[in-house]
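Assemble the whole structure, with the sequences as input and the hints as a guide.
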Amino acid sequence: MRPAFGREIRRRFGKPLAETSGSGERIELRLRQPASFDHIVLMEDITQGERVREYSVEVLAEGGEWKQVVSGQSIGHKWINRFAWAKTAGVRLRVTRCVASPRIRKMAVFSAA
172 MRPAFGREIR RRFGKPLAET SGSGERIELR LRQPASFDHI VLMEDITQGE RVREYSVEVL
232 AEGGEWKQVV SGQSIGHKWI NRFAWAKTAG VRLRVTRCVA SPRIRKMAVF SAA
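Going left to right, the sequence shown walks through residues 172 to 284 as my numbering numbers them.
Hints are computed from structural coordinates only; laboratory data are not their basis.
Computed list of lysine-lysine pairs in DSSO-like fashion (alpha-carbon distance at most 30 Å, straight line):
{"hint": "1", "residue 1": "Lys-186", "residue 2": "Lys-238"}
{"hint": "2", "residue 1": "Lys-238", "residue 2": "Lys-258"}
{"hint": "3", "residue 1": "Lys-249", "residue 2": "Lys-277"}
{"hint": "4", "residue 1": "Lys-186", "residue 2": "Lys-249"}
{"hint": "5", "residue 1": "Lys-238", "residue 2": "Lys-277"}
{"hint": "6", "residue 1": "Lys-258", "residue 2": "Lys-277"}
{"hint": "7", "residue 1": "Lys-186", "residue 2": "Lys-258"}
{"hint": "8", "residue 1": "Lys-186", "residue 2": "Lys-277"}
{"hint": "9", "residue 1": "Lys-249", "residue 2": "Lys-238"}
None of the values given here were measured: they were computed from a predicted structure.
Printed below as a string of C-alpha cells:
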C-alpha cells in the first residue's frame, strides 16, 4: 500500500464521531449532540458465522421519526456504507433478515469527506 493512500484511510476512518456494539435486530447509537456524517462502518462478530442477510441504517429526523439513509444485504467482517450527509443525534441499525441473532462488533459513524 502506498503511504499516501494509508494516510488518507487513517484520516477518514481513524477516529469515529461515535461508536457502539451490541446484539439483536436493533442497535441504536445516541450521540451527545447532533453531528454531521456521511459514512457508517458496520462489523459483525463473525466468530460464529455471518448472520445478517439484510439491514437498513436509519437516522433520527427532527420530528422524532426514523429515516432510512442506506440499506444492504450482508455485513460480514466489515462493511463501509456511504450516504448523503446526515445531521442527527441518533443512528439505528435494523436487521430485517438474519439466520441467527445478529452480533454487531462495531457500529461507528464518520465524517469522511
